[in-house]
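S.K.: Heads up: the sequence lines are chains A and B, in that order.
In case it helps, the working numbering puts the first sequence at residues 1 to 225.
In case it helps, the working numbering puts the second sequence at residues 1001 to 1242.
Bear in mind the hints are in silico, worked out from the structure with no lab data behind them.
Positions of the beta carbon are idealized from the N, C-alpha and C atoms, including for glycine.
Treat the hints loosely; a few may be bogus.
[As the list claims (entries may be wrong)] Simulated restraints on C-beta separations: (1) B:Phe-1022 / A:Arg-123: 38 to 44 angstroms; (2) A:Asp-196 / B:Pro-1192: 56 to 62 angstroms; (3) B:Thr-1045 / A:Gln-216: 48 to 54 angstroms; (4) B:Leu-1037 / A:Leu-71: 39 to 45 angstroms; (5) B:Asp-1097 / A:His-171: 40 to 46 angstroms; (6) B:Leu-1181 / A:Arg-21: 40 to 46 angstroms; (7) A:Ala-89 / B:Met-1026: 23 to 29 angstroms; (8) A:Gln-15 / B:Pro-1215: 41 to 47 angstroms; (9) A:Leu-71 / B:Thr-1045: 51 to 57 angstroms.
[To be verified] Result set (EDC-like, lysine to aspartate or glutamate): computed pairs, CA atoms no more than 20 angstroms apart in a straight line: (10) B:Lys-1040 / B:Glu-1110; (11) B:Lys-1147 / B:Glu-1212; (12) B:Lys-1040 / B:Glu-1212; (13) B:Lys-1040 / A:Asp-94; (14) B:Lys-1040 / A:Asp-133; (15) B:Lys-1040 / B:Asp-1030; (16) B:Lys-1147 / B:Glu-1069; (17) B:Lys-1040 / A:Glu-100; (18) B:Lys-1147 / B:Asp-1206.
[To be verified] Only some residues are given here: those of chain A computed to face chain B with a beta carbon under 10 angstroms: (19) Ile-23; (20) Asp-26; (21) Gly-56; (22) Leu-57; (23) Gly-76; (24) Arg-80; (25) His-88; (26) Pro-90; (27) Leu-99; (28) Phe-104; (29) Ala-151; (30) Arg-199; (31) Asp-205; (32) Ile-218; (33) Ala-219; (34) Gly-220.
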Amino acid sequence: MTKPSLPLIRCDNVQKRHGHRHILRDVTFSVAAGEVLALLGANGSGKTTLLRIVAGLDRPDRGEVWLGPVLLSDAGNEIRRYVGVVAHAPLLYDRLTGLENLGFYARLYDLEDAGARIAHLLRSLRLWGRRDDAVRTYSRGMSQRLAIARALLHDPPVVIFDEPDTGLDRHSLEELSDLFTQLRGRGRAVLVTTHDTARAFSWADRVCELRSGCLQQIAGSKRNG
Amino acid sequence: MMAELPKEGGQSRTRAGLAGYFRAVMAVADKDVRTELRAKEVLGTMAAFSVLAAVIFGLAFDLRVPRTELVVPGILWVIILFSGVLGLHRSFGSETDRGTLTGLLLAPVERSALYLGKTAANLLYFLIVEALLVPALLILFDVNLLKPLILLGLLLGTIGYVAVGTLFAALTARNRARETLLPVLLLPVLAPLFISGVGLTAAVLDGRATSEAWPWIGIIALYDVLVFAVAFLIVDLIWEQG
Ligand SMILES: Nc1ncnc2c1ncn2[C@@H]1O[C@H](COP(=O)(O)OP(=O)(O)OP(=O)(O)O)[C@@H](O)[C@H]1O
Ligand SMILES: [Mg+2]
Chain A
1 MTKPSLPLIR CDNVQKRHGH RHILRDVTFS VAAGEVLALL GANGSGKTTL
51 LRIVAGLDRP DRGEVWLGPV LLSDAGNEIR RYVGVVAHAP LLYDRLTGLE
101 NLGFYARLYD LEDAGARIAH LLRSLRLWGR RDDAVRTYSR GMSQRLAIAR
151 ALLHDPPVVI FDEPDTGLDR HSLEELSDLF TQLRGRGRAV LVTTHDTARA
201 FSWADRVCEL RSGCLQQIAG SKRNG
Chain B
1001 MMAELPKEGG QSRTRAGLAG YFRAVMAVAD KDVRTELRAK EVLGTMAAFS
1051 VLAAVIFGLA FDLRVPRTEL VVPGILWVII LFSGVLGLHR SFGSETDRGT
1101 LTGLLLAPVE RSALYLGKTA ANLLYFLIVE ALLVPALLIL FDVNLLKPLI
1151 LLGLLLGTIG YVAVGTLFAA LTARNRARET LLPVLLLPVL APLFISGVGL
1201 TAAVLDGRAT SEAWPWIGII ALYDVLVFAV AFLIVDLIWE QG
């Protein structure tokens, strides 16, 4: 270990306003490879706003977002390949089957070997049996699992989860927890929001809270001491 | 198979290039057509409207007009204009309603590829509707529109209409009043296309020299080129957030 590796996500003094309201006043943090950062915060505290900025869906008014060595505001479309997002909405097409949904996104991401990857994800998220059913016949939790498959399809180094625990049963929650462990083991940087403090602590290496537009760390690396 | 972060710049392309670009266009078009074939939201409405409108025009004009060739060019283009407006707003509207637009915007594809894919799907819907409308007009008015120049003008005119319509659909997709806003915005912009289309169809049906028809074709083709040029210039800005 000569020098610390570059964090995969780094936000420097990020600010964002909607109208006259300062949603994010000054947010600075980083997430290293193999690290899970959980983000707590009341409704409307700006968690989704921050995640959208990191995902490149919104621009900050001030401040910089870096993904590895790349400054997001200077990057082209290809940078999107390095980010996977599980959003509030499942980002799925109701009329298409689970398989068709993933197939469509695999084509958009221009993946090689998409068939095998899709089959692997559908199996590991217990959706293989329902792969040929339209997504509108899925239960909420099934849609949520398919949304997770969609986000991981291109195996991105940076994965963002916005309240991934909504609608999941206990079994799926355990699997989600395992997923975080797996992603950590494979050197991904994970940013996740939740309203469940206990879950945040069990999932994450670090837990932060967004309060009046600033990020405060409320617990540090449980794993690294 | 983890994608490594690019060393610098973020421009490294894994497989992309022009072929990758068109694979993205085709993916979007294919997805749209597939969902449409199941939902039948757009095609059903447009086709039903076109045929019904043709029948109504038939009832309205049949008894009063000495030669139906005089009114058919206008009828053809008016029906295409209005039926198109019925379907176009769904193109991006359905993506914003279901939140899936975010999924498209997260993908590492050019925004223009999303636009072109949507345009291609819409073009297919329009051509299907026209394939019903032209025979309907033949039956109802006894006017044969199956002439090479008319069909060429119809194809080019439809391409221009769909290109500008899809662009405006993208612009208004986030607006709650898009269904009423879209026609109001579109109709003035479509005026040159509409006038040339009617002029061309009338010239051919009147049996005038083809040298009178070609200038109309030229105007329509120029319109198409301009629309695509503008679309490619501004399409990146549409989804840019403040
Ligand atoms: N497009 C927008 N226009 C105006 N205000 C917005 C917009 N998006 C978000 N906001 C405002 O920004 C604030 C933060 O919203 P955000 O969705 O980030 O909160 P959140 O922490 O994710 O909340 P929740 O826990 O309910 O998901 C809210 O006050 C919201 O009203
Ligand atoms: Mg939120």
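S.K.: A separate judgement is required for each hint: does it hold in the structure or not?
M.R.: Checked hints:
A hinted range of 38 to 44 angstroms for the beta carbons of Phe-1022 (chain B) and Arg-123 (chain A) is inconsistent with their spacing of about 31 angstroms. Separated by about 59 angstroms at the C-beta atoms, Asp-196 (chain A) and Pro-1192 (chain B) satisfy the suggested range of 56 to 62 angstroms. For Thr-1045 (chain B) paired with Gln-216 (chain A), a C-beta distance near 53 angstroms keeps the hint of 48 to 54 angstroms intact. Under the hint 39 to 45 angstroms, the C-beta atoms of Leu-1037 (chain B) and Leu-71 (chain A), about 43 angstroms apart, fit the expected range.
Taking the beta carbon of each, Asp-1097 (chain B) and His-171 (chain A) are about 32 angstroms apart, not inside 40 to 46 angstroms as hinted. In this structure, Leu-1181 (chain B) and Arg-21 (chain A) break the distance hint of 40 to 46 angstroms, their C-beta atoms being roughly 27 angstroms apart. With their beta carbons about 25 angstroms apart, Ala-89 (chain A) and Met-1026 (chain B) fall inside the hinted range of 23 to 29 angstroms. Distance hint for Gln-15 (chain A) and Pro-1215 (chain B): a CB-CB separation of about 56 angstroms, inconsistent with the stated range 41 to 47 angstroms.
Checking the proposed 51 to 57 angstroms range against Leu-71 (chain A) and Thr-1045 (chain B) shows it is violated: the Cβ atoms sit about 46 angstroms from each other. As the CA atoms of Lys-1040 (chain B) and Glu-1110 (chain B) are separated by approximately 28 angstroms, the hinted pair breaks the 20 angstroms bound. Between Lys-1147 (chain B) and Glu-1212 (chain B), the direct Cα distance comes to roughly 15 angstroms. Compliance with the 20 angstroms bound is thereby established for this hinted pair. Taken as a hint, the Lys-1040 (chain B) and Glu-1212 (chain B) pair is broken in the structure, with Cα atoms around 40 angstroms apart against an allowance of 20 angstroms.
Restraint check for Lys-1040 (chain B) and Asp-94 (chain A): the C-alpha separation of about 14 angstroms stays at or below 20 angstroms, so the hint holds. Between Lys-1040 (chain B) and Asp-133 (chain A), the direct Cα distance comes to roughly 18 angstroms. Compliance with the 20 angstroms bound is thereby established for this hinted pair. The suggested pairing of Lys-1040 (chain B) with Asp-1030 (chain B) holds, with an alpha-carbon distance near 15 angstroms, which does not exceed 20 angstroms. Note on Lys-1147 (chain B) and Glu-1069 (chain B): the hinted pairing holds, with a Cα-Cα distance of about 14 angstroms set against a maximum of 20 angstroms.
Simply put, Lys-1040 (chain B) and Glu-100 (chain A) have alpha-carbon atoms about 18 angstroms apart, close enough for the 20 angstroms limit, and the pair holds. Straight-line distance between C-alpha atoms of Lys-1147 (chain B) and Asp-1206 (chain B) comes to about 12 angstroms, which keeps the hinted pair within the 20 angstroms bound. About 13 angstroms separates the beta-carbon of Ile-23 (chain A) from the nearest beta-carbon of chain B, more than 10 angstroms, and the hint is not met. With a least beta-carbon distance of about 19 angstroms to chain B, the hint placing Asp-26 (chain A) at the interface is violated under the 10 angstroms criterion.
A hinted interface residue such as Gly-56 (chain A) counts as satisfied when its beta carbon comes closer than 10 angstroms to some beta carbon of chain B; here the least separation is about 8 angstroms, so the hint holds. Proximity of Leu-57 (chain A) to chain B holds as hinted, the smallest CB-CB distance being about 6 angstroms (cut-off 10 angstroms). Annotation: Gly-76 (chain A) was flagged as interfacial toward chain B, and the flag holds, the nearest CB pair being 5 angstroms apart, inside 10 angstroms. Of the supplied interface hints, the one on Arg-80 (chain A) holds, with its beta-carbon coming within about 4 angstroms of a beta-carbon of chain B, less than 10 angstroms.
Hint status for His-88 (chain A) relative to chain B: holds, with the closest Cβ pair at about 8 angstroms, below 10 angstroms. The restraint placing Pro-90 (chain A) at the interface with chain B holds, with a minimum CB-CB distance near 8 angstroms, inside the 10 angstroms limit. Below 10 angstroms, beta-carbon pairs count as interface contacts, and Leu-99 (chain A) has none with chain B, the closest being about 12 angstroms; its hint is therefore violated. For Phe-104 (chain A), the suggested interface contact is upheld, since its CB lies about 5 angstroms from the closest CB of chain B, less than 10 angstroms.
Nearest Cβ of chain B to the Cβ of Ala-151 (chain A): about 9 angstroms, under the 10 angstroms cut. The hint holds. Interface restraint check: Arg-199 (chain A) against chain B, minimum CB-CB distance 24 angstroms, threshold 10 angstroms, status violated. The interface hint given for Asp-205 (chain A) is broken, as the beta carbon of that residue sits about 19 angstroms from the closest beta carbon of chain B, more than 10 angstroms. Given hint, Ile-218 (chain A) at the interface with chain B, is violated; its Cβ is 29 angstroms from that chain's nearest Cβ, farther than 10 angstroms.
The beta carbon of Ala-219 (chain A) is not positioned within 10 angstroms of any beta carbon in chain B (closest approach about 28 angstroms), and the interface hint is therefore violated. Hint status for Gly-220 (chain A): violated, given a least beta-carbon distance of 25 angstroms to chain B, over 10 angstroms.
When held up to the earlier numbered hints, the structure conflicts with 1, 5, 6, 8, 9, 10, 12, 19, 20, 27, 30, 31, 32, 33, 34 and fits the remainder.
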